[in-house]
Amino acid sequence: MLWIRTLKVSFIVTLACLLLAYPVAYLLATLPASKSNLLMICVLMPFWTSLLVRIVAWMVMLQSNGVVNDTLVSLNVLDDDNRLEMMYNFTGAIIVMTQILLPFMILPLYSVMKNIPPTYMKAAQNLGATPTLAFIRVYMPQTVPGIGAGCILVFIVAIGYYITPELVGGRDGQMIGNYIARHMQKTLNWGLASAMGAILLTVILVLYWVYDRMIGINNLKMG
Amino acid sequence: MALPSYTTPGQRIWHYSYLSFCAAVLFFLVAPLIAVIPLSFTAEPYLQFTEGMLALDPDAFSLRWYEGLFGMCGDIDSSTSVMCTDKWMVGTKNSFIIAIFATLISTTLGTLAALGLSSPHMPFSRPLMALMISPMIVPLIITASGLFFFFAKYNLVATLPGIVLAHAILGIPFVVITVTASLAGFDNNLLRAAANLGGPPITNFFRIQVPMIAPGVISGGLFAFITSFDEVVIVLFIGGPDQYTLPRQMWSGIRQEISPTILAAATILVILSILLLGSLEALRRRSEKLRGMSPG
Chain A
1 MLWIRTLKVS FIVTLACLLL AYPVAYLLAT LPASKSNLLM ICVLMPFWTS
51 LLVRIVAWMV MLQSNGVVND TLVSLNVLDD DNRLEMMYNF TGAIIVMTQI
101 LLPFMILPLY SVMKNIPPTY MKAAQNLGAT PTLAFIRVYM PQTVPGIGAG
151 CILVFIVAIG YYITPELVGG RDGQMIGNYI ARHMQKTLNW GLASAMGAIL
201 LTVILVLYWV YDRMIGINNL KMG
Chain B
1 MALPSYTTPG QRIWHYSYLS FCAAVLFFLV APLIAVIPLS FTAEPYLQFT
51 EGMLALDPDA FSLRWYEGLF GMCGDIDSST SVMCTDKWMV GTKNSFIIAI
101 FATLISTTLG TLAALGLSSP HMPFSRPLMA LMISPMIVPL IITASGLFFF
151 FAKYNLVATL PGIVLAHAIL GIPFVVITVT ASLAGFDNNL LRAAANLGGP
201 PITNFFRIQV PMIAPGVISG GLFAFITSFD EVVIVLFIGG PDQYTLPRQM
251 WSGIRQEISP TILAAATILV ILSILLLGSL EALRRRSEKL RGMSPG
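Those sequence lines, one after another, are chains A and B. Numbered as in the numbering used here, the first sequence ends at 223 without a single skipped number. Numbered as in the numbering used here, the second sequence ends at 296 without a single skipped number.
A hint or two may mislead.
No more than 30 Å apart at the CA atoms, straight line, and that leaves these computed lysine-lysine pairs for DSSO-like [what the hints assert, rightly or not]:
no., chain 1, residue 1, chain 2, residue 2
1, B, K93, B, K153
2, A, K186, B, K153
3, A, K186, B, K289
4, A, K122, A, K35
5, B, K87, A, K186
6, A, K122, A, K8
7, A, K35, A, K114
8, A, K114, B, K289
9, A, K35, B, K289
These are calculated hints, taken from the structure and not from any lab test.
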């Protein structure tokens, strides 16, 4: 149950990151450098802000008297007594983790897309493909290494998360990391904690190995 | 991205909805950080925009949470409050001490490791590289648990050297990555030329190679510094009461008593990270310039 939930959270977060990151990475890669550098700051600023600060920021946004709910109520989208529960539960963990891990997806996608010559798309369209077809058949296959890198990276980081689920996950957003911490610190069941840690570590090392084979670990870029 | 005049209305709609989607995602990334800043000046003890603040009433704003941060509690009710204590200042001081030592260790070790791994004669460089980077990949909770058991044997739990060493381990991957990247643009002929001109290897290293790879070393060091400065799991697991750091104070603040003091601290940290990002960007430009000058 716990493992399934951990995997579920990691999968949802990875998928959400991919869907949000792909268009943004494409925009950053196709814009002229002066504009894309400016937008890149929006991606890098949260990346370099303290994790705890981002969590506090999300508490301000998502709590029941938070910015999002207040805005929705004042726009009459929501009733005052029907405020959305977006914090201290599964939803909260997903939203916050997606925002925190999004740069890990945007950056590898961006560095792959940056190296795709724009002439390929033009050539495809010149040969009679519609823009959509050219994008799907010519552009997307070339971004697969970036998609793979980003997804594995986000998944690896998400599956071992501890701080975020602990602070915003409430009851049903807890992950394996939280149980390891609980058994280490509260119940002092160190054997169980080590066993859980060993399983988690094995999963991560396998993914890490795949990542290294696919992309090469020294191609990891930060900022 | 201006559209050519021959675009169809459908393409136009698609184009603008695409741009607004991207804008929404970027907003999603930045909005929470921006919301924190005005809210840290609230006069009320709630994490909520009051009507007065929305109406820009000057009375609704105050610096009281910043005063609490600097240990000037004034009329805040709270001799008992965990928020208005000198713990913020003590924590900041401890964080700086730990981060500076950890950065020194990880920058030295990471640079040396990168130099060795980049040498063409290095056997097993790929698996060794994977090993060096692994602290970045392995979940902190596992690193922290493992270090707890390991450090317990050597009496390093709840000591300053223990935390510094643990943070140095976390910082090394960043230094290895950035220095390896800057070594990739380094022309070894420069060292040969220097040796040919009679420089001993040590002098050549410090006079020729170090200045060339300095941007990589410094940006790796900055990454290591920020990693240590922001780290909470290791501190919670193997830190004692004397290793009370700023993230730890934020952690207990978030868990026990959420007050705008945390927002004041968060605002300062957001501004710090903007400054840091600015210096990294400047370093990157400098590194590109240096690389442009080197032949090949």
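Status of the hints after comparison with the structure:
For the given pair, K93/B sits about 28 Å from K153/B by alpha-carbon distance, which is consistent with the 30 Å threshold. Of the supplied pair hints, the one linking K186/A and K153/B holds, its CA atoms being roughly 21 Å apart against a limit of 30 Å. Distance restraint check for K186/A and K289/B: the Cα-Cα separation of roughly 53 Å exceeds the 30 Å cut-off, and the hinted pair is therefore not satisfied. Note on K122/A and K35/A: the hinted pairing holds, with a Cα-Cα distance of about 22 Å set against a maximum of 30 Å.
Taking the CA atoms of K87/B and K186/A, the gap is about 25 Å. The hint holds against a cut of 30 Å. For the suggested pair K122/A and K8/A, the alpha carbons sit about 40 Å apart, so the restraint of at most 30 Å is broken. For the suggested pair K35/A and K114/A, the alpha carbons sit about 14 Å apart, so the restraint of at most 30 Å is met. As the CA atoms of K114/A and K289/B are separated by approximately 20 Å, the hinted pair is consistent with the 30 Å bound.
Among the hinted pairs, K35/A with K289/B is consistent with the structure: their alpha-carbon atoms are about 21 Å apart, no more than 30 Å.
Figure legend: structure checked against the earlier numbered hints; hints not met, in rising order: 3, 6.
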